[in-house]
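Protein chains in written order, with the working numbering: chain P, 1 to 550; chain R, 1 to 550.
Hints listed in this document are in silico derivations from the structure and should not be mistaken for laboratory results. These numbers come from a predicted model, not from an experiment. Incorrect hints may appear among the rest.
[Claimed, not checked] Cross-link-like lysine-lysine pairs, in silico, DSBU-like; alpha carbons within 35 Å at most: (1) P:Lys421 - R:Lys379; (2) R:Lys4 - P:Lys415; (3) R:Lys425 - P:Lys425; (4) P:Lys382 - R:Lys425; (5) P:Lys421 - P:Lys4; (6) R:Lys530 - P:Lys165; (7) P:Lys432 - R:Lys111.
[Claimed, not checked] DEER-style ranges, computed between Cβ atoms: (8) P:Glu363 - R:Ser169: 47 to 55 Å; (9) P:Glu403 - R:Val263: 14 to 22 Å; (10) P:Val491 - R:Ser169: 54 to 62 Å; (11) R:Lys381 - P:Glu403: 47 to 55 Å; (12) P:Ile397 - R:Pro269: 27 to 35 Å; (13) R:Glu158 - P:Val491: 24 to 32 Å; (14) R:Val263 - P:Glu363: 14 to 22 Å; (15) P:Gly437 - R:Pro390: 49 to 57 Å; (16) P:Glu363 - R:Gly437: 35 to 43 Å; (17) P:Val34 - R:Asp291: 56 to 64 Å; (18) R:His396 - P:Glu158: 35 to 43 Å.
For glycine and all other residues, C-beta sits at the position ideal for the given N, C-alpha and C.
2 protein chains.
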Amino acid sequence: MSYKDISAKKRAERDSKFKPEWLVPEEELPGPEVLDVLQWPVSSGYLSASEIEITEAPIATIRANIKSKKWTAVTIAKAFMHRATIAHQLVNCLTEVFFDLGLEMAASLDKYYEETGQLIGPYHGIPISLKDNLIIRGQPASIGVVCLAYDPPSFTEEDESPNVKTLRSLGAVFYVKTSVPTAMMIGETMNNLYGYTLNPFNRNLTCGGSSGGEGALVAMKGSVFGIGGDIGGSLRIPSAFQNLFTLRATSGRLPGGGRAALVGLESVPSVQGPMARELCIVEEYCQIMTDLDKNMENLDVKFVPYGWRQDVDLPEKLTFAIAREDDKVHPYPSILRGMDIVIEKLKSAGHEIIEWDPTGQGEFDQLVHSFFTSDGGNKIKKLHEATGEPFFEFMHIYRDAKEISVSDLWDMQSKRNGIVKKFIKRWDGTAKLTSSGKPIDGLLLPTSPYSGAPLNKNQYCGYTSVFNGLDWPAGTVPVTRADKEIDLKEVDYKPKNDTDQLCYDSYDADKCHGGAISVQVVGRKLQDEKVLKMMKIVAQCCGTLDYWTT
Amino acid sequence: MSYKDISAKKRAERDSKFKPEWLVPEEELPGPEVLDVLQWPVSSGYLSASEIEITEAPIATIRANIKSKKWTAVTIAKAFMHRATIAHQLVNCLTEVFFDLGLEMAASLDKYYEETGQLIGPYHGIPISLKDNLIIRGQPASIGVVCLAYDPPSFTEEDESPNVKTLRSLGAVFYVKTSVPTAMMIGETMNNLYGYTLNPFNRNLTCGGSSGGEGALVAMKGSVFGIGGDIGGSLRIPSAFQNLFTLRATSGRLPGGGRAALVGLESVPSVQGPMARELCIVEEYCQIMTDLDKNMENLDVKFVPYGWRQDVDLPEKLTFAIAREDDKVHPYPSILRGMDIVIEKLKSAGHEIIEWDPTGQGEFDQLVHSFFTSDGGNKIKKLHEATGEPFFEFMHIYRDAKEISVSDLWDMQSKRNGIVKKFIKRWDGTAKLTSSGKPIDGLLLPTSPYSGAPLNKNQYCGYTSVFNGLDWPAGTVPVTRADKEIDLKEVDYKPKNDTDQLCYDSYDADKCHGGAISVQVVGRKLQDEKVLKMMKIVAQCCGTLDYWTT
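For reference, chain P alone in the conformation it holds in the complex:
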C-alpha cells in the first residue's frame, strides 16, 4: 500500500467511528470563508440546550452537578463527544475516536457512584482529551507518521502512559486523541495522515503545534481540558494560538510518558502538561499529578516525586522583566499591542516592570534545534522512508541534517550549560535594576511572534524553545485577539534576518484578524508554583482569568 492508501484507510476508519447522529451534514457546515468558528457549534443549533450548558460550564459546575446527580458522567461525556465531533468537522482536530469506550468508562463511573455514594477521584466523570502521542490501552499512537498508523494497531494496558493511568484511576473519561504534526517536531499541526488542523479563532491560521489538535479542540470546548507535551514550545504555541492556559513545567515535575519520534533524545527534556480554558484546571492538575503517595506506582522514569509546594507566597507587588521581542524575530503588531496591554495593566496594578535583555535568545533557539537534528535526522528519515511519505517543507532541517559524533554532542551540551549559566546570571543581575534590589519575580514575553500564523508560516519557535533549553517553567495567559482595525502592518519595519523577514511577510491584518494574543510567563527552574501564581495575577490584571467562562 502506498502512503496515500494507508492515510486514506486510516482517515476512513477514524471517520467511521463518529456517531452519525452527532455529525453535522456536510452541506450544512460553514464554508471556508467562515473563519471564526468558535461559536458555530452553539449558534448552528446542532447542540441541545443541555449539551450547551454542560460544555460551556466551568469544571467546578460540572463537578457540582455530578455530585448532586443533576448530570451523570454519561450525559456529560455525550455532550462533549457531540461538541468534539462538530469541532472536528470544523477544524480537523481528532485522530483516534473511541466514543464507545468513553461511554463505557462513564457508565462504570456512574455505577460506582450509584453503588458506593462515593466519587472515584477528583476527575470523576471529567472528559479529558489526549494528544496523539499519549499511550492509552486499546488505541494506536501514530504521531502523524504514516508508517505508525497501525504499528502497533493498539497499545496494551502495560504500555499506558503514567499520567493517563493516573487520570484514569482518578475518574477521567477518555474518548478522543488529537492531531499532531509529523513526528511532533513542528510548530504547526499537519501531517500526511490527516492533513492540516485549523485554528478556530480564524481558519486562515494554523492551530500551532505540536499539541495543535488539543489547542483547537479545547478552544472549541470539545473537552474539559487536554493533555499535551512540549519539547520546544508544543504546549505553549497552540495554547497561545488559541488563548488557552498551559504550563510547560520544569522537567520531571509532572509525570509524562508516551510515544516520541526522537526516542532517546535527552539533551532537551520533553514535558507533558495540561491545556485548559481555566487556569485553576492547570493548577489543580499540577497538584494532583505530583502527589507522591498516591501515584508512586505510576511514575515515569524521569519523574521527580518531590510533591507540590503549598507554601509559595508572592509579594503583594511583583517585579517583572519584560521583553516585547527577542533578538531575532520581531513580533506581529498584534503581539506587540498585547505586550503593551500587559505592561500597562501590570503597571496600573502597581507592579514593577523592568526591561529584559533578550540577547542570545535567537542563537540559543538554534542550539536547541540542533539537538533535535543531532542524529542526522535519522529517526525522522526512517519514519518517512518506511512508506515513502514526503517531507513537509518545515521538516527539511531533519531531511538535510548531518549526523554528528558524540564528541560534538558533548561539546554542544557544554555550550548549552554555559548559556544556561549566562541566563541565570542575567536573571540574578536584574537585582541591580529593581527598586527592591532583589531579582525579578518573573519574566514576561510573547509566546510566539505570531498571533496565530497563516498556514505554513509558523517558522520560528525561539520564544518558547529557549525555555526548554533553560528548563525554566513557562506558562501562557490569554490577553486579547488581533484586530485588523488597529493591528496594522508596520510598513516602516526593516526585518533584520531571513526568519524575521518571513515573519514580517506573513502578517496581513485582514487575514490574521481575530487571532489569539497571549503572553508567556516565565520563572526560574522549579518555580512552577510561583509561575502559576504569577499567571493568575497577570490574568487578573488583564481581565482574562475568566476569558472562557463569562
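Given chain P, work out where chain R should sit, using these hints.
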C-alpha cells in the same frame, strides 16, 4: 618537556609547599612493611598533644571550642595542616598544597569573630579538603592529567565551583586538594603526575577512587571532612575502602561544579558530596548546601533547588532488601561477612530483611561504562596525547573505544530508561515480599566486592555504578575491618566470569588484612533524606555511628 619532566616539576613544586617544621624526616617514616598507618601520626610523637586533641575532635567539639575561643581558627588550621602533611608522607594523598592561603583565611575568620562577636557561618574555621577537580581561586586543577598540570596555572574567582564558593562564604578553611586517578575515571587513585595513593588501613591496598585522596586524607584525620564527586562510585568506593560516611545524592540535589574530563557527558549524571568520619557532617552538609534562599547566587546549572526535607519520618521498624552479592562479581569473604553482620544486627533490632534480586546489575554496569566511552575515548586520548603520557592498564577501555553516533547514543539512553523502569518495578514489586505489604524502605548491598583491593586490582565498580545509572541516592556506612584469621579465601568458589575471576584471584587474607568493610545503603530517587536516616539506623545497629570518634 617530556611528561616525566612535567610530572617531576609538578611534584617538586608541591613538595616545596609543605612547611619544613611539619614534615617528618624521611628516615623516620615507617617502612613499606608497616601497612596500617592510621594511628601513626599520633603514635609517632610528631603531633603535639594539642594537635592530637584538635584533629581527633568531633566537629561539634571543634565548633564549641571555636565559639568559646578555646581554639582559634588558625590553631585548628595548623593542627590539620600538620596532620595532613604527615598523612601525605604516609599515603601520598595531596596534589595542591596552599597552607599560607589557608592560614590567611583562618586569620581573617579569627579577626572577624574578634571584631564582631559573630561566627561567619556554620563552617567558621572548619578545615575542609577538596578533591582535585574542585575549582578554587588561585589553584590549578590537574585532575591527574599531565597536560593539565599548568593549564591553567591557576583558576580565577569567577571559575570557582559553586559549592566551594558557598563553603567559603560559610567560613570554611581551604588548604589542600587531594589526589585522583588520571581523568578521574578509574576506581583507584594513580596517575602519571603523582603516582599511587595508598590506603592507610593497609598500604598494600588502593585507597579507591576517584575521590581517593579524599578517602585517604579524611581517614588520616588530615581534614574535618572532604568534598568529592561520584559518576560511577567515586565518592562511595574510597569511602567504603576507608570506612567513611558519604552520600552520593540524587543528581541535582547538591550543588557541584568543577573540572571534568568527559566534559559534556550527561548520559550519567555526576554529583559531588561530602566524605566524613561522622554521619552528622554528611547530613548537615546536605541541609546547608540545599538551602534555597541563601545560596541562590551560587547555584550550578544542574542544581535543583528543592530544599532539604525536614519532615521525613521513618517507620519504627524498617524493611530492607539485601543483596549479599550482585550477579557478576562475588565479593571478598570479608565483605560477605560484613553483610552477614549487617543482616544479623538489623534482624536483632527487629527490622525486616528480604532478599534483593540483583539480576541485570552486572549488565547495567557495562551500559553505564559504555556511556563514559561513547565519544570513542577522544577526550581521554587527547589528554594523553598532549604530553605522550602512557595509558594505565585500567584506562584501556578509553584507549580502545570506538566513537559512536548520536543515533546509537539515543538507543543506549532508551535502553537505560527501560532498565531504570525495570528496577523501579522491582522495587515496587517488593511489596509482595514484605510483611507490611508495602515496598521496602531501603536496599542494602556491598559498596564494592573488595574490602580495599590490592593495587591495580579494583577492576569492578558495578556495585556502585548501577545507582549512578538509576540516579538513586546511595550512601556508605562502616561495618568493621577485614580479619585474616576469619576472612579466609573461599577455596571452593568457582568464578563465573573473567571479572569475577580477577576479583577472586586478587584476594589474599594476609595481604588484605585490616581493609575496611562497609555497606551501601540505597534509596529511591530523591529519597536522600530517608537514605541518611536509614544510614544512621544501620550504623547504630552495627555500632559504627561513632566508629571514628570513640
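Do the hints match the structure? See the list:
1. P:Lys421 - R:Lys379: Answer holds: Lys421 of chain P to Lys379 of chain R is near 23 Å, not above 35 Å.
2. R:Lys4 - P:Lys415: 34 Å, holds
3. R:Lys425 - P:Lys425: 40 Å, violated
4. P:Lys382 - R:Lys425: 32 Å, holds
5. P:Lys421 - P:Lys4: 48 Å, violated
6. R:Lys530 - P:Lys165: The hint holds at about 27 Å.
7. P:Lys432 - R:Lys111: Satisfied, since the Cα-Cα distance of roughly 31 Å is no more than 35 Å.
8. P:Glu363 - R:Ser169: 47 to 55 Å: With a Cβ separation near 33 Å, Glu363 of chain P and Ser169 of chain R fall outside 47 to 55 Å, so the hint is violated.
9. P:Glu403 - R:Val263: 14 to 22 Å: 21 Å, holds
10. P:Val491 - R:Ser169: 54 to 62 Å: 55 Å, holds
11. R:Lys381 - P:Glu403: 47 to 55 Å: 21 Å, violated
12. P:Ile397 - R:Pro269: 27 to 35 Å: 29 Å, holds
13. R:Glu158 - P:Val491: 24 to 32 Å: 47 Å, violated
14. R:Val263 - P:Glu363: 14 to 22 Å: 20 Å, holds
15. P:Gly437 - R:Pro390: 49 to 57 Å: Given a distance of about 56 Å, which is inside 49 to 57 Å, the answer is holds.
16. P:Glu363 - R:Gly437: 35 to 43 Å: Between Glu363 of chain P and Gly437 of chain R, where Cβ atoms are some 55 Å apart, the hint is violated.
17. P:Val34 - R:Asp291: 56 to 64 Å: Given range 56 to 64 Å: holds, Cβ gap about 58 Å.
18. R:His396 - P:Glu158: 35 to 43 Å: 41 Å, holds
Checked against the numbered hints given earlier, this structure breaks hints 3, 5, 8, 11, 13, 16; the rest are met.
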